[in-house]
Amino acid sequence: MSRAIQGPSAGSQRSVETLVSKLRRRQVVGSRDAALETVLVLRQVVSRAKFSNIDQLVAIIRSVGKRLVEAQPKEHTVGNTVRKVLHHIREEYNTASKGTAASSSKTTYTISNFVLQGQPRKQNVAPKSEATISLKEDDPDDPDSFSRALKPVLMEAIQDVLDELETVYDNVSKNAKDHIHSDEIILTLGHSRTVESFLKQAAHSRSFTVIVAETGPSYKGHEMAKSLSSAGISTFLVPDSSIYAIMSRVNKVIIGAHAILANGGMFAITGSLLAATAARVHSTPIVVCAGQFKFTPLWNLYHDFGALDFADPSSVLGFEEGSLVDKVDVLNPYYDYVGPELVDVFITNDGDHPPSSVYRLIKESYDDDDHEL
Amino acid sequence: MAPAPTLPVHPPNGPTAALTHPSAPPPQRSQKQMTKAERRELQESQRAAKAAAKAGAAPNGGQSKQPPKAAPAPLAATPRRQGKPSEATPKVPLTPGAKGRDTKGAPPMAEGDPLNARSLRIFSHFGLPKPVSVAKGDIHPTILRLALQFSNFKITGANARCIATLIAFKTVIQEYVTPPNNTLSRHLMTHLNPQISHLVAARPMSVTMGNAIRQLKLEISRTDIDLPEQDAKNALCQKIDNYIRDRIIIADQVIEETAAKKIKDGDVILTFARSSVVQKVLLGAMEEGRQFSVIVVDSRPMLEGKRLLSVLSSAGIQCTYILLPALGSVISEVSLVLVGAHSIHANGAVYARAGTALVAMMAKQHSVAVVVCCETYKYSDTVQLDSFTKNELAPTADSFSSFPLVKSRDALLTQNQINLEILNPLYDLTPPTSITAVVTEVGVIPPNSISSIPVALGRLL
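These protein sequence lines map, in sequence, to chains A and B.
Okay, so the first sequence: first residue is 1 according to my numbering, each after it adds one.
Okay, so the second sequence: first residue is 1001 according to my numbering, each after it adds one.
Worth flagging that the hints you see were computed from the coordinates, not collected in a lab.
Glycine is no exception: its CB is placed at the ideal position from the N, C-alpha and C atoms.
Incorrect hints may have been included.
[Unchecked claim] Rough simulated footprint, nothing fancy, chain A against chain B, three-plus residues with beta-carbon under 8 Å:
1. 1208 to 1219
2. 1303 to 1312
[As the list claims (entries may be wrong)] Calculated cross-link-like contacts (lysine-lysine; reagent style DSS-like; alpha-carbon spacing at most 27 Å):
3. Lys1261/B with Lys327/A
4. Lys66/A with Lys363/A
5. Lys252/A with Lys220/A
6. Lys1390/B with Lys327/A
7. Lys151/A with Lys177/A
8. Lys74/A with Lys1262/B
9. Lys252/A with Lys1390/B
[Claimed, not checked] Far from chain A, by Cβ distances over 10 Å, these chain B residues were calculated:
10. Lys1170
11. Asp1246
12. Lys1280
Could you put together the complete structure from these sequences and hints?
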């Protein structure tokens, strides 16, 4: 008999609770930081978990993931990281117990095989162990043998996820100079660290100009402009109202994303929809730089009101306006929904992808069971 | 408020100017012994030193002495570029490779690398907002005050500026005395011209001001020579009043009635920044008892929407206020977009406050009607193809206290960054494809028939 499903151990409970409260209070700012903290917490959970078969471990992680996602449902990278870790864990388990990678069946390639294959090729996680570990599940004499055998492999897999997150900026910027040619004028919005590192990397070998839109009411564009200009890139800072006016001279629009949805659309900082639409009108290519951890198995059914989250209205109309504050409704949406038809390419740490293949990437990186945590 | 930051003053390029410069210090070697290039280098370094000294003192005196040179003298062989203010008005484009680039108030970057200078030259033809100077000739105090109000953006808006200009001219005309051996119809124009140039130096002329002044000049030239002076002046003032009344006030009333008919009960009207005509339309519709709500979209640098917001909400209209980037979230709720214009062009394009083009584009994408409310005197028979041909830059961020208090002002001090420039175009061009109709006092016109406005008016504009 398997043991009853246990939650995470006491020590890791504490770290989970800490992260939950940080997420709820929005003390974790930025998708990458949220993902990093999630991986660290999951690593702790896995290292201290007691389980005797794979389902118990998966259940533990799913319960942790559910709590984290409920703490801050708008921060999609948390859920994505949990799904990624689960995917890796299942891969490792499958490799270890069956000896061969789950789906690399090199049978003769016939049409019927092709049609019947169903699941697309999964992202090949290189098996950590060459030899099959003898996994005895639910051993009544030695309940911990299973977890003892599997844990080192799992920790390495989680470390992989962590490494991928830590090197996201470098990998996205790897081919930056292939995407930007000399004397281009590039428009960007807000302060995306991925785009920032992308442009700085390209500046090593190309000379170009960047126009940064201020992006009210957070005015993050100011920091972006300062950071780019101090890296030696000639930068213009313009207010959002002039995006259409200058679009005729812009060669490329490069923006960052908050979360990329399964249909190829994305949530990005407010103002991105304006820039993308204006670029389409002028037939200017739109490039989105984002890490793979932002791919979310979500569909935006209610995209008309694309605002995912709202920020403080006083930065739009503050109390210094006096009596106006009572009589007027103020809206401060933080994100825009940009449809897949407005994006030309997603540049990720795993290569460049058009929006039409995002659904396949999501199928490959996450397991279907995990879409709902 | 102080006017735009002062610019270092440079006399025009060329060896002749330097030689006639009264206070050039004597060169180390005699001028004949130095080569031409070396002489020029020396002149430029002396000029830079003088400019640095002058920049500390009152800047106004120097500007007027330099008449704008339409054909800049060819640069010497030295590739070194000094920052120069663009002496030409925004309408005279700087030839590339000539006088270097605009400095926008930053200290002259004499040793800027050519790479840097080239990229920042992209928008150099926009020209700089110039400080109001004490011009040649005596400028009427009303005009002086008006110019100051223009340059400090105390009076903004095409209609407001035009009315203010015409009223100021009425005062000037009344106080004008024809000198002996001159006729009013001929001399008044030469008297008014420096006043007009002073206003243009404060802020580039709007199309409305241009059309009004052209009409005024026509009236002046038509003045009967035999009329006694006071009668002629009274007649001119009367003509000015008639112009304001017919082309602006009554036109606005007709537009208000026509456009208010487009507003139905339960509508959500979207408007951008502040147009005096749209304000009248909305207030008029409110008085007629229609039930509607308004979304006011606003944007830096001017943030004029707040004024409209306070007027509308005091009148009891339910308003929502958003900044321009948030437009994507609300556009699906909107039934009608009403915007004003600075001027309309023969091809149907609308030249309006920067951001109008974005609003019109988004509305068109969501099949929302875009209605431009515009009097016929704003018609300009030029055809503009993009927002670059003619535009105006606002002074940089520090002069505008339009940031919300949550942001520290220090974060905005980007003057000292070498590679960073701040551009604040004030206008943009909405192409005719984004516009559904233009409401004028002669009717509701689709954008491709705008060129028939002069015909509809029955007279030349």
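Hints and how they fare:
| no. | hint | verdict |
| --- | --- | --- |
| 1 | 1208 to 1219 | violated (count 0) |
| 2 | 1303 to 1312 | holds (count 3) |
| 3 | Lys1261/B with Lys327/A | holds, 26 Å |
| 4 | Lys66/A with Lys363/A | holds, 20 Å |
| 5 | Lys252/A with Lys220/A | holds, 20 Å |
| 6 | Lys1390/B with Lys327/A | violated, 39 Å |
| 7 | Lys151/A with Lys177/A | violated, 41 Å |
| 8 | Lys74/A with Lys1262/B | violated, 40 Å |
| 9 | Lys252/A with Lys1390/B | holds, 23 Å |
| 10 | Lys1170 | holds, 35 Å |
| 11 | Asp1246 | holds, 33 Å |
| 12 | Lys1280 | holds, 20 Å |
In summary, the numbered hints that this structure violates are 1, 6, 7, 8.
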